[in-house]
Every structure is written in C-alpha cells, then in structure tokens.
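Listed here are the chains, written in short residue letters.
2 protein chains.
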Amino acid sequence: MGMKKKDNAKYNKILEAAVQIIMDDGAATLSTTKVAKRVNISQSNIYIYFKNKDDLLKQLYLMEVDCYQQLFDQVAQSNVSTKEKLQMYVKALYDVSVKNPDSMYVIEQIKQIPNSPVSVTDPSFVGFESNPILDLLNQGIAEGILKDVNPTIYLSMIFNTIRMNSINAKQGQQSNSYEDISSILFEGMLK
Amino acid sequence: MGMKKKDNAKYNKILEAAVQIIMDDGAATLSTTKVAKRVNISQSNIYIYFKNKDDLLKQLYLMEVDCYQQLFDQVAQSNVSTKEKLQMYVKALYDVSVKNPDSMYVIEQIKQIPNSPVSVTDPSFVGFESNPILDLLNQGIAEGILKDVNPTIYLSMIFNTIRMNSINAKQGQQSNSYEDISSILFEGMLK
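Which chain is which? The protein sequence lines are A and B, in order.
Counting in the numbering used here, the first sequence runs from 1266 upward without gaps.
Counting in the numbering used here, the second sequence runs from 1266 upward without gaps.
Among the hints, a few may not be true.
Stated by the list, open to error - Straight-line Cα separation of at most 35 Å, DSBU-like style, residue types lysine-lysine; simulated pairs: (1) A:1299 x B:1302; (2) B:1348 x B:1318; (3) A:1412 x B:1356; (4) A:1364 x A:1350; (5) B:1275 x A:1435.
Keep in mind that the hints were calculated from the coordinates and are not lab data.
Work the whole structure out from these sequences, hints included.
So this is what it looks like as structure tokens:
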C-alpha cells in the first residue's frame, strides 16, 4: 500500500484541524493544503492517513455521525411506543449536540458541498446515512399520533432547533434544557 | 464612471445565472467567470453591471430580501396584537417562499460564505438585514405569550420549516398549507 508509519494522535489532529477549517470557512473551500498548513505538517503527510480530500471528508463525516449512531442504535432496540421512541431520539440528538456542538454543523457542511463524497439527498437539512428518525416520523403519522405533514418538515424542525441550541450554548448565549426544546417540538408535532 | 451602456434584461440575466449557480454548487464557489460563462457573455461585460463578485452577491441578496421586506413593512404598520403580528410575518414568509422557492436558500447561502459581503451574524440560520421577527419574538416572550426560550430557537424553527416546505413544493413532493405549518409552529411556541 506504500503507507508510511501511522500515528493515531496525528490522525486525530488532522481531523480536528479539518473541523476548525469547516467551522471558520465552511467545507466548500477545504483542501488538504489548508489542513496541512493548520496542523503544521507537509501535505504528503496527510496522504499517509487519507487517500485524498474526499476520503478525509468522508472519514470525518463518519466519525461525527458515529456519536449519534451509537445512541440511535440503543433507541432502536428499546421496546417502547412510537411517541416515546421519538422522544428518545430527540433526547439523544440533544445530548450529543450539547456535548459536541460542532458536530451537526460539520455533518451538514460536508453534505452540502457540491459533489459531496457523502451527499445522498438534498442540501437543505442535516442528514445521517441511515435515517431512523424519518422512519419513525412516518410511523407516527401513520399511527395518527403526529399531524399529517411531510415528515421532512419535522426533520428540519428537530435538527435545526437542536443545532441552534447547541450553537447558543457554545457561544455562551442563553441555551435551553431538553425539556424546553422537547415541549416546543412535541406540542407542535403531536395531534 | 467609465460605464458602458447598461441593459436591464442583461442585468437580470446575470442575477438569474448567479441564482442557478448558487442552487447547483452553493455560493462559496461562485465567481464572475462562472457567471459570465453561464450567461454566455464576456467577463468584462459583468463589470459593467457589478463592481466585483461581492457587489454581485450583495445586489442579489438585496433583491431576494426585498421580496420579504415589502411584506414585512406592511405587517409592521398593522395595528394588531403581538401574536397576530407574528402570525402575519409567518404568513408573509410562507407566501414568498412558495412563490419564490429559491429565495431563502439563496439568502442563506450568501450569508454563509466566508467573509460574506452581507454577513453580520452567525452562519446558522437564514437572516435578513433588519430582523423584525426577532424583535417581535422577544416582545412575545416579554408579554408571556411565548414560551421563554432563546428566540433564535424560534427563528431557526420558523425559517427552516418554511424553507423545507418550499423545497418540497418545488421538488413536487407533498407540500403543506400555511394552516398546517402555522399550527405546528404556534402550538409549539405559544404557552
């Protein structure tokens, strides 16, 4: 494979630098040159860890999504009503977003770039590779628990509300509890 | 000023091409070269109408915002309760977004680019130069009509929900009436 010696700490440093660049300038202008400069290593060093820019973005995306995915898997296995499951998903999203406030923005940014290495749907909302929340929203509508609107409306509302709250928390602005956010979302969505 | 003869139709064509580029590739990679190619004119021709790329983006932004601003001004002058005013704003947003489904995305994209010629706040939500809705949300919270959360949560919820609906309408997906969207938003926000 022609690989030089890999160093886990450096791998993480590269991904962290990519996150910072995305937070500062957006994902569209990210380049391996920029990342190398930020980590203060040579560009060829980046290619020990990543095949190219797209591979870097894809691995970063998978890392960020993984934090959510683990919690989502727990929810999927729980044996409760659709309504309770939805609330558990929203709680999981909330918890990760507060602990890792950049994650939703990074995920959204990587999906939004033209010819994104992970883009599968439209550029308008935060997405995850598999979207268990969308399935559950459809189920909630079918069961007559949720108002009958396009579930993408709910997705957009849930993601953007929680993301906004995590930005507020990060910037030291008034941020709100899960209970506050949940009451706004569910009183709107439930029939 | 060294200006050549201006042509209103060409001015509009340039702005329309810029909208298409933003919809296809995002605003971050827009250039006057790209726009000129799309309109099939020389790049120097662009400079008859716009000083530079930033000027083009700024004029496009102002044009898109203007559609909303006119309706917002009408609402501001009406003599009704805070709750009714809020509903009128949401209706105005809804109406423009359905008639001109690209507008909110274009506005958001232009605000999001690094060193945006119009950026004043954070990159996380659609914004307008003057934000009468934010003032009104603050008033609603102070009057005890709305739940007491950071009003940026409401802004994000309102803008993104309406934007998602306009995308659904444009893509021929299930789109929802103002009444549906309004019921979700206000049942969530009102105490």
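Now the hints, each set against the structure:
Taken as a hint, the residue 1299 of chain A and residue 1302 of chain B pair is honoured in the structure, with Cα atoms around 28 Å apart against an allowance of 35 Å. This hinted pair does not check out: residue 1348 of chain B and residue 1318 of chain B have alpha carbons roughly 41 Å apart, beyond 35 Å. A threshold of 35 Å between alpha carbons decides the hint, and for residue 1412 of chain A with residue 1356 of chain B the separation of about 19 Å falls inside it, so the pair holds. Restraint check for residue 1364 of chain A and residue 1350 of chain A: the C-alpha separation of about 21 Å stays at or below 35 Å, so the hint holds.
Proposed proximity of residue 1275 of chain B and residue 1435 of chain A is contradicted: the alpha carbons are some 45 Å apart, above 35 Å.
Going down the numbered hints, you'll see the structure goes against 2 and 5, while the others check out.
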